[in-house]
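Dock chain one against chain two, each of which comes alone in its own frame, and use the hints as you go.
Chain by chain, the residues:
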Amino acid sequence: MKNILRFSFLLGLYLSLFSCERAFVPEIADAPPEIVVEGYIEAGVDAQPTFITITKTLPFFQEIGQDAFEKLYVNDAKVTVSEGDRTWELIEFCWDDLPDAVRQQVLLLSGIDADSIAFNICVYVDPTFQLLGEEGKTYDLKVEVEDKVLTSSTTIPFHTPIDSLVQIDLPVDSLALWKEVHGFISDPADRADYYRYFTGVNSPIVRPPINSVVNDPFFNGQSFQFPLAKAEPRDSMIAFDLYGLYQVGDTVTIRWANLDAAHYEFWNTFEFNAVNQGPFSSYTRIASNIEGGLGVWGGYSFSEYLIIVE
Amino acid sequence: MKHYTPFFTSILLAFFLIPSLSAQQNFTLSGYVKDDATGETLPFANVYLKSDPTQGTTTNVYGFYSLTIPEGNYTLVISYLGYGNKEIATALTADERINVELSQGVTFEEIVVTAEEEDANVQSTVMGTVELPVDQIKQLPAIFGEVDILKALQLLPGVMSAGEGTSGFYVRGGGPDQNLVLLDEAVVYNSGHLLGFFSVFNADAIKNTTLIKGGMPALYGGRISSVVDVQMKEGNDKQYSLEGGIGLISSRLTLQGPIVKNKSSFIVSARRTYGFDLAQPFVKKSNFAGTNYYFYDLNTKVNYRFSDKDRLYLSGYFGRDVLNYNLVSRDIFFKMPYGNATATLRWNHLFTDKLFMNASAIYNDYDFSFDGGTGDFSFGLFSGVRDYNGKLDFDWYPNLNHNLKFGANYTYHKLTPNIASAVSGEVEFGSDLESKFAHESALYIQDDWTVTDRIKVNVGLRASFFTQVGPYNSPIDGKRYEKGDPVKTYAGLEPRISAKFTIDKTSSLKAGFSYNNQYLHLVSNTSSTLPTDVWVPSTELVSPQKGIQYALGYFRNFKENMLETSIEIYYKDLFNQLDYGESYVLDPSEDVELSFIYGKGRSYGAEFLVRKNKGKLTGWVGYTLSKTDRIFDEINEGQPYPAKFDRTHDLSVVMNYKKSERWNFGAIFVFGTGNTYTPLQSLYLIDQQFTQQYGPRNSARIDNYHRFDLSATLTPLRSKNKNFKSSWTFSVYNMYNRLNPFFIYYAAETDVNNGSATGEAYKVSLFPVIPSVTWNFKWKQKKKQS
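For the record, the sequence lines run as chains A and B. Taking my numbering, the leading residue of the first sequence gets 1, the next gets one more, and so forth. Taking my numbering, the leading residue of the second sequence gets 1001, the next gets one more, and so forth.
Isolated chain B, as found in the complex (with noise of 0.2 Å):
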């Protein structure tokens, strides 16, 4: 690591001394970009001059921007993906504040298009990472019409589902633990409800989601693969409005408005299934009484501007998922809630115009229990991780040549393992194992730096740090460390870089590189992860994964920005890769740290994309042409073998077609190589029965799968109350009834009497053609003349 160090110092010095060697009389121009119905900031909107579009910026993830420019007459253009763009002029002779407010909703023939507007595509030096506005997401079909962030994600090239219909997800060939998954900041642990087939994001409360691939900057940290980073919206400051859907699993609810208008906001978003609900009646009278199943998520948040340079946002997330079980005639029962809880306190602040800062306090909480029992016996498991979080992250625009974003994170980490406890009677039962605690902390600086017309880099590093802390018993040898008492420190300098050579206005190229860590696993058994699955940190015995990636893409836009293209190819190596052992058996006695093997593995692909953003119909065609590998030495004899998210070939065809006014359709088809599995191999006699025993892992593929969705949305024309408004959405999945295959098992009969057997494989589809109906609707209070 220490061949990285000059490098990177003697790049962070170069870029602070440029400034004052280009001082001259500038002036800054900066402000907020919004939603001018709902006074909702906009992240990652374009902000740039219109007579030279590759002087510009974007504003950060509160919506803030900063330009500094040398005094003259200016036109400002702000853009932002399904919004018409605005035009500011100004003649600028000292630093102004301009804030911006931008109409959504605006149809194609409306969008004013600049002849030389920027594209971001192609001008930043940004790879692997992809917007996804909410709405955009809204529009596409859906299984049982559940609008779904992170199934969304998974129609991009390099993100492959985890299963059909599943929200869990693997980005080029990394696990799916070392996916950085954030709600306001707050890591969300396990980000799915229903075995992972729902995620935990109700769409009606998300304003936008980030997905990073690839070229991670240094401001994320703490996982090697990829970053999710949802942002929740913030609520309508102008006026109340209420929206809702009633759909074939779950109903939905949100509540916005003013709190002090224009100066301070709320929402309130609720979801909860009732397909069980519904069943309840038939229970009650069955030997399942009591027997129900139902998840439900509430977000909330509050903002209050103090002015123009503080802001204080508050803002949670509480999901629960709750499977009770009865059977009344053994006297069987047990309960299965779970779930995450997030909360984030933020506060904005401007130093100046071109300092922006932002602190948070964040605290979030995962947890899995199990209590069921039969009798006077009864048992209980339980899980979770617990996490306090304090972070500073600073915005600094020097000038129009750099862009610096630095700060500080830090994390207390409480992981507990599968605690097990029994009652018999009198007699109780518990294990010897204790939660781990661990401090993690980094910091970090990034620069994104106009160095030329031509190049662009975004230089970044990331030191961090991470301290096993006691209670902890070592494995190794056996020495007690008491609470606080640290346990084992790795600490590490994680850097990224990323560069754009702009070739011409349409196209350029880019290259990235990044060095990340990540001190905290997850470790799964199962074909995909469940609620059961536990986070465990870096230990004396477990050390931290290490993710190397190399990129390079080649970026055009064609028909003026009309079609973006890309091309990106991508390595990666992955170094202390945790997985179990081939005869690894569930024992909650015992430490899961004990049963795991350490391996490496690698990743590389092409993703091919085209996407088009603008006109009636819009969507885009991902191709990832891939390979992903892993090697233990416990495992198939230490030869690599196929992880069991290698997909060779992955195709996605999105498409949104807005017809008219009333009408607007959507389309997708999938296309990926089937997935590996564990064949048997043979069957053996033992004690009179045939076993199985199986053939080298994920050494056969299940069929390729490819599946069509349609969906149609109706919005009839304006009703008398223009306040209200209400949609239909007809959403068909796997339109032509492809029998995907989700598993496969094996059965053997065998009849020792007559010295015969048969073996037999069948494999299981799950969702058939799955017709579904909503019915959305949205009340807006009626704006008051001012």
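Bound conformation, chain A alone (with noise of 0.2 Å):
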């Protein structure tokens, strides 16, 4: 369906033959800034130590500089999370704060890239790295900053693995150096599943492409292939018809995630917000599993795979 509210873009192309685009400054809401809470809890092989960052919304329409950025966080929260009757104090570990042997390790740990590190980021963690995440059990967020109270809760389901992975070639010569990917699943008959997925090329950090999530009640049980798409890099322009492909010679890590059905809804409304605007649409509200704020409180469970384009 949203493809089909793409595709009908394609008639509005046509009418763009007439059309004439103006940058302008709209009306601002005066709204005061809301707290956004962003943390994931894995389950899988080398999954990363849980974590959560703690941010603040700015004002859309101002150029926000590296000030702004690092005003962005916010410090001195007191963050839990608890499992059953077990309860885990995370810590604020800022970027700047840390010695640099630990910096590496930091990196090293959360996979996080040191490039993209530009200003003082600040995040809260299980100081003891005891905090890993358990298929089948629920974990509570409690965050309490500036006199409000934030709440969530995630269930990290039962994984179901790719059972295999494949290469499809393409019909014209042209894209004789250019692959498809597909996975194939046997998805579980007895349960809900919801799914996502994060592709990296040459690299073990994993990006999610544009659609990531899908849920399964179009193949509820079913053995199936699918396609996984690669996930371009943000904010480039990929032509068209190369859109999702592998170059003959990447090494591709397929990270292939279940996740409970409000972390599902977060981004299945966040990729949707980011492509429901135009002719004939309308906004999308990201849902949000944070009571009291934004963001997001995600349980995985995963398993990655390796394959090299030939």
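Hints may be right or wrong, so weigh each one.
Have a look at the derived ranges for each label pair, beta carbon to beta carbon [unchecked claim]:
id : chain 1 : residue 1 : chain 2 : residue 2 : range
1  : B       : E1426     : A       : E27       : 32 to 40 Å
2  : B       : H1706     : A       : S174      : 15 to 23 Å
3  : B       : D1477     : A       : S186      : 28 to 36 Å
4  : B       : E1760     : A       : S174      : 34 to 42 Å
5  : A       : K148      : B       : T1758     : 55 to 63 Å
6  : B       : E1637     : A       : V275      : 37 to 45 Å
7  : A       : S174      : B       : N1324     : 35 to 43 Å
8  : A       : Q48       : B       : D1376     : 32 to 40 Å
Per the computed footprint, the stretches of chain A lying under chain B, defined by three or more beta-carbons under 8 Å from a beta-carbon of chain B, are [unchecked claim]:
id : stretch
9  : 34-46
10 : 155-166
11 : 172-178
12 : 212-221
13 : 264-270
14 : 282-290
Hints listed in this document are in silico derivations from the structure and should not be mistaken for laboratory results. The beta carbon of each residue, even a glycine, is placed where N, CA and C say it ideally should be.
And the structure:
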């Protein structure tokens, strides 16, 4: 359906022969900043340690410079995660406060690209690194900051791995050096499943493609093959007919994850929010699972695969 | 609802008694009013006594009139907009049948203007109703030269355009699904081509359009806002004619003529676009070979008059939009055909000179499908509406003081939501969604009752019934209903009343009240309705929409009815309004009814109209001041917010100047308060990129909308061939190139590496100044000397 909307833009293109576009400064809604929580808890081989970031919203129409980025982070929050009768208190670490050796370790553990840290990122982590996710368990999050209490809960679902991966040739000679990568899965029939995937090329760092989530009412209990699109670098302009393709010689990492319904809704609305603009579109409010704020507290169970495109 | 019933029952009883109390030696004058050149019947023509213009009636939709008056000598006056009046003298000593033929295109000087001519605007009980003969619409400037009935309606007060260049419309604060659009009595579920930029009505095949925006008579039902009743031409029963036109977007061809002269005729009218066809030689050589878009319409109608008492009509419409897309290098393709098909079989029968019956059997179908794929993966989507409809309508003219209409209506609905299917290699997928089925029926009675010389009342009652039947899986208790099992029944009494008080010969006060139920719904998550939007029935989860409207009007004519003016104010309450939640994402595997949220709406406003129907300069100025709100618990924390079609000011100036037989000029100016939209409020960081948080719904407005269009029609003076006539219409849309924003969008550029980001907003205008030229022609068979 989303694609139909997009395809309807093709007709819009026809009309755009006549169209004219101008930048303007719209009315700015005067709203106080809201608190945004983002955090993940994972179950899988080499899972990242659980971490939380707490930031604030910024008014849309402004040039946002490094200063503003640094002020984004909300400090001195009390953050706890609990599961059953176990509770972990997360401690804030800011990049600038860390000794070099620890920075290297954090980079290694978190998989964060060192280049992406141009300002003082602050995260809340379990200093003992004992807080690791387990399938089938529910983790409650509580954030107390600036006289506010934000809560959330996420469940790490049982994982459905990919059975196998396959490379697909394209029908024209001009694309002989490009391939699609498809995966096979066998979706369990007895439960509602929500999936998300990430891909990486020639690097262990994986990113989500534009449409990274799917749920299973349409294929519940079936075994089938489906494409795993390459995640294009952000803000890149990719030719339409090369979208999602891998080049011969690429080493491709696929991370395949299960998530719960609320976590899926967050990403589903997040991705639709990004595309639901244009001549016939409306708007989409991102469905947060954080009570009292914006953002997401999400559990994943995942598996990772490597394939070399030939 | 119960408290209405005794009141209306007593009124109905009262007027049934009146004829017997006032019985005297009366006779009935009846007949049909037709166009003398084509034999087309003329609906809503005025028929009245010259000696007392307040004693009169109008023809019904089939051109039939009936007047019961005491024995005596009378002169009957018959008038119809755009035609010369006709006077017929008769000495009434027995029931008499007088069929009248009026001549079209009579110039101003030739029109017989009776000093005390009755004027429907002031004298009728009707409020919020406008007749637009298609010939008048054809004189107006049109975008790309495409004459469009629905766009012409948007120029009337109280009717808002759904967006620049679109044929979608909102009436008095009602949603797009609350308009009942009828083509020869068949409901048209999607009245737009090309995402709504053109309407499905080919003006060459259309005779008349009636818009009822308030005080809907009991005859109509099933929608809570308005009725657009479009009648197709019947076909010329005197001579053959061929007419057509070649425009920038499409070409048209219409053939009509007698099958049996003066007894039976036919019309076939076709239209097709060809913009993309012309580009095919280039497309074929590209990576998009096989990509094309076009739409077409086919209207046909035949009729046979067995006698003065019996006439049979069979009419049909078939239209399709076809979009094919191919991306050869990726083996990606899709086809997206959609459109309407309708068929109407009608039988007119006169039981007596006072009792007219129409029985109709109607079939209509709207379907949308999408088939696409890549490699060995394919995906299909289908949705649609199919109705089988039977109707029985009676017009009874017991005496001069009463004109009763009563009847029954039954429809069997099949509504198919988006049903998706897919194939990946050997594996097939499908959702378990099913079509939904329902019986809808109604009984109605209404009387146009002349209570006194000064007071006239149109009172009516409609009883409507709706039963959803299986197959259906209850989302409430999981119960399975098999085929035909009743799931949920709704019923309602819908009282309608409008009254007129004559102040003097040129002015009157009118008031109206109407209560309507609506059992089918179309909810859109887009800025205007798209072919992908689905119609859904009321179910055990979805309650019927209800609308209550109150209206008050002052009508006054000037200069011997040369100028009609009116002020109407209205207040409207809407209940059980449907929408999607703000986090709704299209999901073809889920039943849309599970995603609805429910709220209410209200709209109020004042409409001002000055209309000049006679003379070289004709046209109107319409202005609306209005406010339309919606309230949903889930939106803006339950606070009222302006509907997306809330428009404070809406002004239309429409002019037509017939300079000479050779030149005719048209001009349109429109101004409207800018549309509401939901502004972006803030950005926040998720996964190292900025994402968008929106502010309250519809809390901002884009620029005011205004535009000026001009047209000039050149009809070369008669050539040697008197039977062939052609004309050139030159039209300029958006004369002063106003860049009216069609939509806005946002872009945020984030560079996390450098710790910087910028937000931008853009407004996009679609239609700059657009000149167009259309060539129209008409050939008529030579009149045989009889």
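Going through the hints against the structure:
1. B:E1426 to A:E27: 32 to 40 Å: At roughly 55 Å between Cβ atoms, A:E27 and B:E1426 fall outside 32 to 40 Å, so the hint is violated.
2. B:H1706 to A:S174: 15 to 23 Å: Since B:H1706 and A:S174 have Cβ atoms about 49 Å apart, the given range 15 to 23 Å is violated.
3. B:D1477 to A:S186: 28 to 36 Å: holds, 33 Å
4. B:E1760 to A:S174: 34 to 42 Å: holds, 35 Å
5. A:K148 to B:T1758: 55 to 63 Å: This hint is violated: roughly 29 Å between Cβ atoms.
6. B:E1637 to A:V275: 37 to 45 Å: At roughly 27 Å between Cβ atoms, A:V275 and B:E1637 fall outside 37 to 45 Å, so the hint is violated.
7. A:S174 to B:N1324: 35 to 43 Å: violated, 23 Å
8. A:Q48 to B:D1376: 32 to 40 Å: Holds, since A:Q48 and B:D1376 (Cβ atoms, about 36 Å apart) stay within the stated range.
9. 34-46: This one holds; 3 residues, not fewer than the three required, reach chain B with a Cβ under 8 Å.
10. 155-166: Result for this restraint: violated, n = 0.
11. 172-178: holds (count 3)
12. 212-221: As far as the stretch 212-221 of chain A goes, the hint holds, because 4 residues have Cβ atoms under 8 Å from chain B.
13. 264-270: Since 4 is at least three, the answer is holds.
14. 282-290: holds (count 6)
Figure legend: structure checked against the earlier numbered hints; hints not met, in rising order: 1, 2, 5, 6, 7, 10.
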